[in-house]
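Undergrad: Chain by chain, the residues run as shown.
2 protein chains.
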Amino acid sequence: MELVFLWPGKTRNRHLQAVLDDYLQRLQPFCRARIVETPEARGIRESSAERILETEARGLEKYLKGGYIICLSDKGTMMTSEELARFIQKQAMSSARKLIFLVGGFLGLAPRLMEKVNFRLSLSPMTFSHELTRVVLLEQVYRAMNLIKGYSYPK
Amino acid sequence: MELVFLWPGKTRNRHLQAVLDDYLQRLQPFCRARIVETPEARGIRESSAERILETEARGLEKYLKGGYIICLSDKGTMMTSEELARFIQKQAMSSARKLIFLVGGFLGLAPRLMEKVNFRLSLSPMTFSHELTRVVLLEQVYRAMNLIKGYSYPK
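Residue numbers (this note's numbering), protein chains in the order written: chain A, -9 to 145; chain B, -9 to 145.
Treat each hint with caution, since some may be false.
The list treats identical chains as interchangeable, and a pair is accepted whether it falls inside one copy or across any two copies.
Within a straight-line C-alpha distance of at most 35 Å, the following computed DSBU-like cross-link-like pairs (lysine-lysine) qualify [claimed, not checked]:
{"#": "1", "residue 1": "Lys80", "residue 2": "Lys65"}
{"#": "2", "residue 1": "Lys139", "residue 2": "Lys0"}
{"#": "3", "residue 1": "Lys55", "residue 2": "Lys88"}
{"#": "4", "residue 1": "Lys52", "residue 2": "Lys65"}
Worth flagging that the hints you see were computed from the coordinates, not collected in a lab.
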C-alpha cells in the first residue's frame, strides 16, 4: 500500500512541520508514505475565493490519478480511530493500492475537486486550522496502521 | 476570566510543547491563561493503572478548587467550535471567573476526579494522543476567544 498526503502549500508553522516529518518517518515501516505539497495560490485577494480554489485545484488534480481519494471535509463522515483503521484496511485489501488523503488549503477545496473524491472524512465537529488538520490526520493514520498491525496503542 | 490548562506531566514532544507555548502566548491579550503541569506517576508499572491514576489525581486535585472544571473525555459532549465559544462565553458571564480545562495523562483520569468535574468535553470521536489532545484543546480555546471577540476566524 502507498499513502499520499496531498495539500496545497507548505506548512508554515515549523513546529507542526516537524511533527508531520516525525509521523511520516514513523509510517515508513508500515508502507510507502509521502507528503505532496502542490502550489498554493499567492497574490490573489481572499475575496476572490473561487480563483484561489481554482488555482490550487490545478496543482492538486495532477496527483489525484490512480488512487482512492479520501478528502477531509467538515461535511464528511466522522469515525472512531478503530473505524478509520478498518476502513483503511478494507481499502488496502481491495483494489486501492494507493490511498490519497487530500486536505484543502485555508479556503478549502474547489467544488469540482470534491466531486472526484471517493470518500469524505471529518476529524471532528470542530474546525481545526488547516495546518493542525494535517497533523491530526497523520497522527490518526499512524494510529490506524498500528491498530491494523495489532501493535499496542500509541497514547 | 482566567483560564487554567491542567494536566499531569510535561509535554515530552518539544515541537508540540512549542505549539502549546505559542497558543498560550496568543491567548494573553484575551485573558489570563496558564498551563499547570502536576507530577506524573513514575516508576509504576502500567499494569497498576489504578495506582498511576490515584498518584496523578493527588497532584491534580490541588488545582481544582474555585473554578468551573471542564474535563476532556472520550465519553464527553462533542461541539462545534462555535458552540464551544458560546459555552465558554456563557461560563465567563456567569459565576465562573476561572475555567479549568483538565486533561488526563496517557491512562486518563481517576474516576473520583471525573466525579468532581462540571462538564465533559470530547474533541472528536477519534482518540488523539494525550499530547496532541493538549494542542487541539489550546487551538480550540484560542479559536473560541477569537470568535467571542468577533475577530476574523483564524484558519
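Undergrad: Going back to the hint list, which numbers does this structure go against?
TA: none
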